[in-house]
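All chains, please: the whole structure from these sequences, using the hints.
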Amino acid sequence: MLGVHGRKPAQVIVEPVAKFMIKLGVTPNQLTVVSAILTAAVAIVLIPTGHLVWAAILTGLFAAFDMIDGTVARMQGGGTKFGATLDATCDRLTDGALFGAITWWLFYSYGAPKALVAASLVCLVASQVISYVKARGEASGFTMDGGLVERPERLIISLVGLGLTGLGVPYAIDVALWVLAVGSVFTVIQRLVMAGKSPLASEHTKAPAGAKADYSDLSGTH
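One gets my numbering by counting positions in the sequence shown from 1 and adding 943 to each.
Don't read these hints as lab results, they were simulated from the structure. Nothing here was measured: the structure is a model prediction, and the numbers come from that model. We put the CB at the ideal spot given by N, CA and C, even for glycine. All clues stand as given, with none of them false.
Below, in silico cross-link-like pairs of lysine-lysine (PhoX-like), each with a Cα-Cα straight-line distance of 25 Å or less:
(1) LYS1149 x LYS1024
(2) LYS1024 x LYS966
(3) LYS962 x LYS1024
Distance ranges between label pairs, derived from CB positions:
(4) PHE1129 x GLY1084: 20 to 30 Å
(5) VAL1136 x LYS966: 38 to 48 Å
(6) TYR1051 x VAL969: 33 to 43 Å
(7) ALA1031 x ALA1144: 21 to 31 Å
(8) PRO1142 x LEU1036: 28 to 38 Å
(9) TYR1051 x ALA1150: 44 to 54 Å
(10) TYR1051 x ALA984: 17 to 27 Å
(11) TYR1114 x TYR1051: 16 to 26 Å
If you want it as structure tokens, here you go:
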């Protein structure tokens, strides 16, 4: 939801930063890679060691560069297909690092019940599937805008849960992960429904390379 409606208000902050990056000669792809490395490093190092408040603050800060790289690209005349592929790849890696680190911490430090660890794993897998369904659907020509839990919601809910837990609020991470697990599964189904309702949904796909395209001549034979 925020991915669709939240960008315009954020541009008040993002655009001046993007202009500054352009003056420095920083490219969108450089921003994408640096942001991904820093975000993943913070999650992997700080969360398992229990520095949850700093992990939440720094992860949110570095993840914000995900908006800046796209703005820089648009200000320079538009992004490239490689840039979009790189950005999507880095997003998946950082999502994996975040929820992987949270799961590790839950298991080894938090003493979480098995059900909560399972919920965290659902968040880990669903975060990848939500994005994949959108990418695969758009590659097929579907319109796949929106969804209950997109990447901004995942980051906000998980980081707020981490930060509050680090401040001593009981069950904050538990609530955050269960909300994300349920919401993420719902979003996967929601996006599949979007794809199924598309006017293009019944179009046939091409056979993969090397496969026989038409088996109609075999009908009725045994």
